[in-house]
Amino acid sequence: MSVTEGNALSKPTDLLQGTLDLLILKVIALEPMHGWAIAQRIRQMSGEVLQVGQGALYPCLHKLEQNGWISSEWAVSENNRRAKYYSLTKAGRKVLDHEAAQWERLSAAISLIVRAV
Amino acid sequence: MRLPSIFRLRLRSLFARRRVERELDEELLYHLERQIEEYVAAGMSVEDARHAALRAIGGVEQRKEECRDMRGLNWIDNAAQDFLYAIRQLRKNPGFACTATFVLALGISATVTIFGLVEAALIKPLPYRDQSRLVGAFASLPSNPRSSLSYLDFTDWKNLHHVFSSIDAYALNGGFTLSTGAGAEPVTGTRVSAGFFHTLGVAPALGHDFHPDEDSAATHTVIVSYAAWQKRFGGRAEVLGQAVTLNGIPRTIIGVLPREFHFAPYGAAEFWATLQSTDPCEQNRGCANLNTVARLKDGISIESASAEMQLIAQQLQKQYPDSNRYAGSATLVPLRDVVVGEVRPILLVLLAGAGVLLLMACVNVTTLLMARSESRRREIAVRGALGATSVRLFRQFAVEGLALAGAGGTLGLVLAEWAMQILVGLIPAQRVDSMPYLRALGSNLHSVAFACSLSLLAGMLFAIIPTVRMSLSETTQSLKEGTRGSAGIRWRRFGANLVVVEVALAMVLMTAAGLLGRSLYTLLHVDTGMRPDQLASVGLHWPPARYSSDEEKVALGRQIVERISPLPGVRSVAISLTPPWAPYGAPHPSTLSGSRTITSLTKCSDDR
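Sequence order for the protein chains is S and Z. Under our numbering, read the first sequence as residues 1 to 117, first letter to last. Under our numbering, read the second sequence as residues 1 to 608, first letter to last.
To be clear, the hints were calculated from the coordinates, so they are not data collected in a lab. One should not assume that every hint holds.
Restricting the straight-line Cα-Cα distance to at most 16 Å, the calculated cross-link-like pairs of lysine to aspartate or glutamate (EDC-like) are [what the hints assert, rightly or not]:
id: 1; chain 1: Z; residue 1: 231; chain 2: Z; residue 2: 215
id: 2; chain 1: Z; residue 1: 92; chain 2: Z; residue 2: 270
id: 3; chain 1: S; residue 1: 63; chain 2: Z; residue 2: 65
id: 4; chain 1: S; residue 1: 26; chain 2: S; residue 2: 97
id: 5; chain 1: Z; residue 1: 553; chain 2: Z; residue 2: 527
id: 6; chain 1: S; residue 1: 63; chain 2: Z; residue 2: 69
id: 7; chain 1: S; residue 1: 90; chain 2: S; residue 2: 48
id: 8; chain 1: Z; residue 1: 297; chain 2: Z; residue 2: 130
id: 9; chain 1: S; residue 1: 63; chain 2: Z; residue 2: 66
The structure displayed is predicted, hence computed values, not measured ones.
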């Protein structure tokens, strides 16, 4: 799974692949970020629960860029090195809204089932 | 993002590949360094941190490959790589590449050439409207099931039938003497009943068709072919209304036929005149000089039409027992069969032969490929061990096979174009006139498409064989040079079977070719009952108006013999109405009473 607890790193499954898209879009919606920072931010924001492995992150970033949902440019990073910064595009914004709403519905539905006695 | 910018991104991935790759390197390296820094900060030594980070990434190259895959254009890239690799492989083995390409090209060119012939003759429609409804109606004699009709019989058929929307006739004893300023010139052409072109569904490109009652009209008209219009009248529109004198009868030109019009059952014809029963033969029910072409009424099958024409023929036989003693039956033949009937079996035999040849070529190349894949086992095994997926390996074979087949197909197409020209050149001009559809023979879209699909099929075959071969043998075994497992034995058995198939195919071809050759030999040595060596034949034409009575014609014949006999080198001279062995009704038959052609046979002395 791409988004995992702990250090396990493996190939993404379809279900969580879609979720990773959502997480990335959401995180860079705040500000343009490079890959490393995206992974760190997801970890921090999830309270150290979700760790995005590199094996899932970069292919996912490239796919999103190819889809035209995010764009990239090279800039100098916080430690004074060149890094590739990703930012959300207009189309990406729409996808994010849609995916977020979708996620709300899905997680609410799952919660209903899980909490049912 | 809008489509154009997505498109731009894709193009960038494809064409600015080096830059995209460099950026990918840099991006992953940046990540790696940050990871190392993190581990160092957590208290690891630099070396340990480095190893841990690399482990965490799990293979930089694999990550890169995944990113490339995500960019979506990887397959184009891979295909291009495979293609270049295939070309390199083929160039490394020029002997193999040349042999395989050449063998394939031979097979494909033979098949495409014959396909061109088949298409021109059997598939392309005749240049008539709704040609499937057209039939030729013949009197059926015991000696000849497709015999021609006399004018009087034709008129009766025309009046009695209920099955055709129209039936029209053309004279077999055609050919005209055209009076020109300089004298007389024999020209091709014939006489047809007034509705002839209407029945075929052909309208003149210029001018108009014959009027329906033109057969009984007092005026004489003629329609010229497109070629004659160009050649004799300079393609001028004023040709309409111009007078030409054919066989001493002045006729007015009323139309020009379309360029693509041809009527193979008669052959080449420049002038199409009205029938008007001007030939003395046409007063005689026993003198059959007409063939017919008829259009079936809607909803009437050729069988039911045939049945009715049988009855009419029987009725006429009873009515005219002298002249129609043998003509008590009728045959209807689809016009297409009248046109291509005799070449169809030849073409189908040729096509089958070419197909077998192509099959042999493919088997040959497959055998070569197998031999080569044997020597490439190690290479493939290494690639497999290094992580090439079986799909990727199959694609490699497919691209190699297609490259080979593509080269063979291209060369084959060029050879085929060349062969078609030679083939048409080999057919005597007179035969081409009766097969005018062959004139258009040459590479066209259909033959190119045919060659492409043949190449594609061959390419697929060449891709499948080595793949099957690979999957049969175990990779690990192949890694050890020269090992042979049970799969190898199975495979060698398969190879041996291929050789059996090939020898069988070759035997079929050889036997067929031998039989055909033998038939040709026999045909050339048929005892004709005469000795044709040292014989020369001369066709003679004269204006019939000047020799109208039988006495004048006999006198002309005598004079011809007298004038030729004393020529040096001539031994003896004789005259006949039709050349020996030419069937009555051949393009230039003749009757002394009516026509303009006689043949004089001249025996040359032996020293000539």
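Against the structure, the hints:
1. Z:231 to Z:215: The given pair, whose Cα atoms are some 28 Å apart, is violated under the 16 Å limit.
2. Z:92 to Z:270: Not satisfied, since the Cα-Cα distance of roughly 60 Å exceeds 16 Å.
3. S:63 to Z:65: 13 Å, holds
4. S:26 to S:97: 9 Å, holds
5. Z:553 to Z:527: Not OK: residue 553 of chain Z and residue 527 of chain Z at ~33 Å, beyond 16 Å, violated.
6. S:63 to Z:69: 9 Å, holds
7. S:90 to S:48: Violated, at about 30 Å.
8. Z:297 to Z:130: It holds: about 12 Å lies between the C-alpha atoms, which stays within 16 Å.
9. S:63 to Z:66: Status holds; Cα separation ~10 Å.
Hints 1, 2, 5 and 7 from the earlier list are contradicted by this structure; the remaining hints agree with it.
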